[in-house]
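**Q** One letter stands for each residue in the lines below.
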Amino acid sequence: MRNSCEHCCTKIEDLTVKSGRNTILSGVNLHVNCGEVVGVVGPNGAGKTTLLRTILGETAFQGRITFRVGGSPSKNPKIGYVPQKLQLDQGAPISVADLVASAISRRPVWAGINKDLSVKAGKVLAVFAAEHLLKRKIGDLSGGELQRVLLAIAMTPAPDLLLLDEPASGVDVKGLALFYRIVRGLRQTHDISIVLVTHDLAGISSYVDRIVLLNRCVIAEGDPKDVLSNEKLLEAFGPALWNISCLPNSIANGKDAHGGH
Amino acid sequence: MAVIEAWYKLISMLPFDWAHYVFMKNALLAVLLVTPLFALMGTMVVSNRMVFFTDVLGHSALTGIAVGVLLGFHDPVLPMLILAVLLSVGINLLKNLTRASMDTVLGVLFAFIVALGIVILSRQGGFVKYTSYLIGDILTVTPQQIGWFFAIAAAVGLYWVIAGNAMIFTSVSQSLARSRKVNTFWVETSFTVLLALVVILSIKLAGILIINSLLVLPAAAARNISRNMYAYTGWAVIISLFSGVSGLIASYYWGTASGATIVLFAAACYAVSALSGAVRNR
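The listed protein sequences correspond, in order, to chains A and B. Numbering (this note's numbering) for the first sequence: 7 to 267. Numbering (this note's numbering) for the second sequence: 302 to 583.
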C-alpha cells in the first residue's frame, strides 16, 4: 500500500542537506500519504530537526520535495508546525490569548482582545483541551500545555501537512499520552498527513501508522510492530545499531556534529 | 503652524513658571510625541533582545556626524540617517546569513564605530563642539523638528497596526512565523530600519549616551507588571509619558539636563515595577 503514492501528499526524494563540509542528511527518501501519521525516530544529531526545517523551506538542499494537495501538485501547501522550543524567555508578557488571536485575526492584539475574539480563541483551544489556559502567560505553561497550545495554533487554519518537532521533550507522561491521543484524533477528523519527529520510539509506536528510523539517512521503515521487534534487536545489540551510519564522514566528524539539539 | 500656536496658548494658561517659556512648550510637545514612540519601539526591542543593537545604532550617530563633517554637510542628519539605516540592514543580513554570535559581532562593531567617530571629530581638538549630541538638548527643539516627530509617530503607529501580530510571531519563533507565511526577514528589516529612523531623528533630543535607556526602560518596567501584550504596550506608553513629562519639568526646576533627568524617572519606575512584580509573584 505504501509507495503506491496515489495519495502521496508529501514526497521527499534523494534529499541531501549539507552544512559547510558536514553532511547532515544524505539520500533521504520519505513518502507521507494523506491521513497518515509518520513517526521519524532517531538519536540526537540524526538530522531530524533539519528534516523538518527542510520541509518548511528554511534550508538549502539537494533532491526533490513535492507536495500534493487534494490530488493535484502544490508548490505552496499549508504547513502546520509545532516547534520544539520557542525563542522566548519566561518573563515575556505574551498570553496564550495573544498568540491564538494573532493567528486567527488581523486585528493587532496589542490594542486589546475584545470579547468576540476571546471567545473565538477559546473555541480554538477547546479542541485541544487548552481552553482554560487562555489568560495564562506563555512562559508560565508546562511543557504539555505549551505543546497543546502550539498544536491548536498549528491547526488553525487546518493545514495540509502537520509537522511536530520532539513533542515529548519537557512533557510528563500523562501530558504526552494526552498529546498523542489528540494528534491521533486529528488524523481521523482531518484529512491531513502528520510527521512527528522524536527520539522516543517506544512512546509513539502505538499512535503512528508508520515508523521511519533516521540517522542521517533512512535506516529502516515500516509498521510500528515490525520496527518494535526490530527494537528488541536494538536492545539486544545495545546502541550499536545507531552506529550503523550511511555516511562515511559522519564517524570522522564525531557524533552530534549537527542536528537540532 | 496653527496647531503650534494653539498649543502655545493652551500651555500658557497653566499656572506654572515654566509654562511661559516657548522652549519649554516646544520641549513638552516633543516629549508628548516622542516618549510614546520610544515606548512602542522599546517593547519590541526588549522582546527581541535587541538592546545592544539599539545601543550600537545610537552610537553610530557619532560616526554619522563625523562623516557629515568630512563631506561638508551643514546639518549632519542625512549622513547619520544613511549610516544608521545601512548599519541596521547590514546587521540584520548578517544575523540571517550566519549563525555567528551577534553579541560578539555587535561588540566589535560598537568599538569600531565609536572609535572611528571620535577619531574624525577630535581632529585639532574639536570634539567639544559635539558634546551636545552626547547628552542631548531637548530645549532647543524647533517646531519644524516637532513636525518630523509627528510624521514618524504616525508612521510607527501605522506600522504597529499592520505588522503588530507578525512581529509577535516573529519574536516567539521564527520557524513558527515562517510556517504561517510571515516574511520574517521583511518584518525584521522593516522594523530595524524604522528603529534607525526613530533613534537618529531623536538623537539630538535624547543624547547618544542615554537614548538607549529611554527606549529600553519603559518597556523593561512594563514587562515586570504585564501578563499580555495589551498591558505590556499600555504600561510602557504610560510609564514613558510619565517619566518624560515629569523628567522635563523636574529638569527645569533643578537646572539639569532634561534627557538624563527623564531617564532617572524611568529608572525609578523600573525599580517600583520590579518590586511590585516580585510581590505579586509571591
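In case anyone wonders, no lab produced these hints; they're calculated from the structure. Be careful, since some hints might not be right.
Facing chain B, from chain A, some residues (calculated, C-beta under 8 angstroms) [claimed, not checked]:
{"id": "1", "residue": "Arg59"}
{"id": "2", "residue": "Gly86"}
{"id": "3", "residue": "Pro89"}
{"id": "4", "residue": "Gln93"}
{"id": "5", "residue": "Ser101"}
{"id": "6", "residue": "Asp104"}
{"id": "7", "residue": "Pro114"}
{"id": "8", "residue": "Gly118"}
{"id": "9", "residue": "Ile119"}
{"id": "10", "residue": "Leu123"}
{"id": "11", "residue": "Lys143"}
{"id": "12", "residue": "Leu147"}
Listed next, the stretches of chain B that the computed footprint assigns to chain A, with coverage defined by at least 3 CB atoms under 8 angstroms from CB atoms of chain A [said to hold, decoys possible]:
{"id": "13", "segment": "315 to 329"}
{"id": "14", "segment": "357 to 371"}
{"id": "15", "segment": "469 to 477"}
Simulated crosslink set (BS3-like; lysine-lysine; CA at most 30 angstroms straight-line) [what the hints assert, rightly or not]:
{"id": "16", "chain 1": "B", "residue 1": "Lys310", "chain 2": "A", "residue 2": "Lys91"}
{"id": "17", "chain 1": "A", "residue 1": "Lys231", "chain 2": "A", "residue 2": "Lys180"}
{"id": "18", "chain 1": "A", "residue 1": "Lys84", "chain 2": "A", "residue 2": "Lys141"}
{"id": "19", "chain 1": "A", "residue 1": "Lys91", "chain 2": "A", "residue 2": "Lys17"}
{"id": "20", "chain 1": "A", "residue 1": "Lys84", "chain 2": "B", "residue 2": "Lys482"}
{"id": "21", "chain 1": "A", "residue 1": "Lys84", "chain 2": "A", "residue 2": "Lys126"}
{"id": "22", "chain 1": "A", "residue 1": "Lys126", "chain 2": "A", "residue 2": "Lys143"}
{"id": "23", "chain 1": "A", "residue 1": "Lys126", "chain 2": "B", "residue 2": "Lys482"}
{"id": "24", "chain 1": "A", "residue 1": "Lys143", "chain 2": "A", "residue 2": "Lys121"}
{"id": "25", "chain 1": "A", "residue 1": "Lys84", "chain 2": "B", "residue 2": "Lys396"}
{"id": "26", "chain 1": "A", "residue 1": "Lys24", "chain 2": "B", "residue 2": "Lys482"}
{"id": "27", "chain 1": "B", "residue 1": "Lys396", "chain 2": "A", "residue 2": "Lys81"}
{"id": "28", "chain 1": "A", "residue 1": "Lys121", "chain 2": "B", "residue 2": "Lys482"}
{"id": "29", "chain 1": "A", "residue 1": "Lys129", "chain 2": "B", "residue 2": "Lys482"}
{"id": "30", "chain 1": "B", "residue 1": "Lys396", "chain 2": "A", "residue 2": "Lys91"}
{"id": "31", "chain 1": "A", "residue 1": "Lys17", "chain 2": "A", "residue 2": "Lys231"}
{"id": "32", "chain 1": "A", "residue 1": "Lys17", "chain 2": "A", "residue 2": "Lys81"}
{"id": "33", "chain 1": "A", "residue 1": "Lys141", "chain 2": "A", "residue 2": "Lys121"}
{"id": "34", "chain 1": "A", "residue 1": "Lys91", "chain 2": "A", "residue 2": "Lys24"}
{"id": "35", "chain 1": "A", "residue 1": "Lys141", "chain 2": "A", "residue 2": "Lys180"}
{"id": "36", "chain 1": "A", "residue 1": "Lys126", "chain 2": "A", "residue 2": "Lys141"}
{"id": "37", "chain 1": "A", "residue 1": "Lys141", "chain 2": "B", "residue 2": "Lys482"}
{"id": "38", "chain 1": "A", "residue 1": "Lys143", "chain 2": "A", "residue 2": "Lys180"}
{"id": "39", "chain 1": "A", "residue 1": "Lys180", "chain 2": "A", "residue 2": "Lys129"}
{"id": "40", "chain 1": "A", "residue 1": "Lys81", "chain 2": "A", "residue 2": "Lys141"}
Ideal Cβ placement from N, Cα and C applies to all residues, glycine included.
**Q** Broken hints, numbered, in rising order?
**A** Hints 10, 12, 13, 14, 16, 40 contradicted; others consistent.
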